[in-house]
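Chemist: Could you put the whole structure together from the sequences, leaning on the hints where they help?
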Amino acid sequence: MSEIKSSGAKGYAFLGGVIAIFLFIILVVYLYKYNGNFVPETPLRYSDLLQAAGRTFAA
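Each residue of the sequence shown is one higher than the one before, starting from 1 at the first, in full-length UniProt numbering.
Incorrect hints may appear among the rest.
Stated by the list, open to error - Here are the in silico distance ranges between beta carbons for each label pair:
hint, residue 1, residue 2, range
1, I4, Y30, 38 to 44 Å
2, K33, E3, 41 to 47 Å
3, L50, L23, 30 to 36 Å
Because the hints were derived from the structure by calculation, they are not lab data.
Think of the CB as a built atom: it goes at the ideal place given N, C-alpha and C, for glycine as much as any other residue.
Modeler: See below:
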């Protein structure tokens, strides 16, 4: 009888894990698309951004 009870708990844990992974994937895709909207057209801006970040972390 305890095997049936523990299998139910395992099933809920597995289902919760699947739902958590699914929601995490949705979050990652949403953030990727959201950040893609603000990517600068010219790559020169990336070097300025990296230099500014380097100065910020070095200080």
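Chemist: Which of the numbered hints are not met once you compare them with the structure shown?
Modeler: Those not satisfied: there are none.
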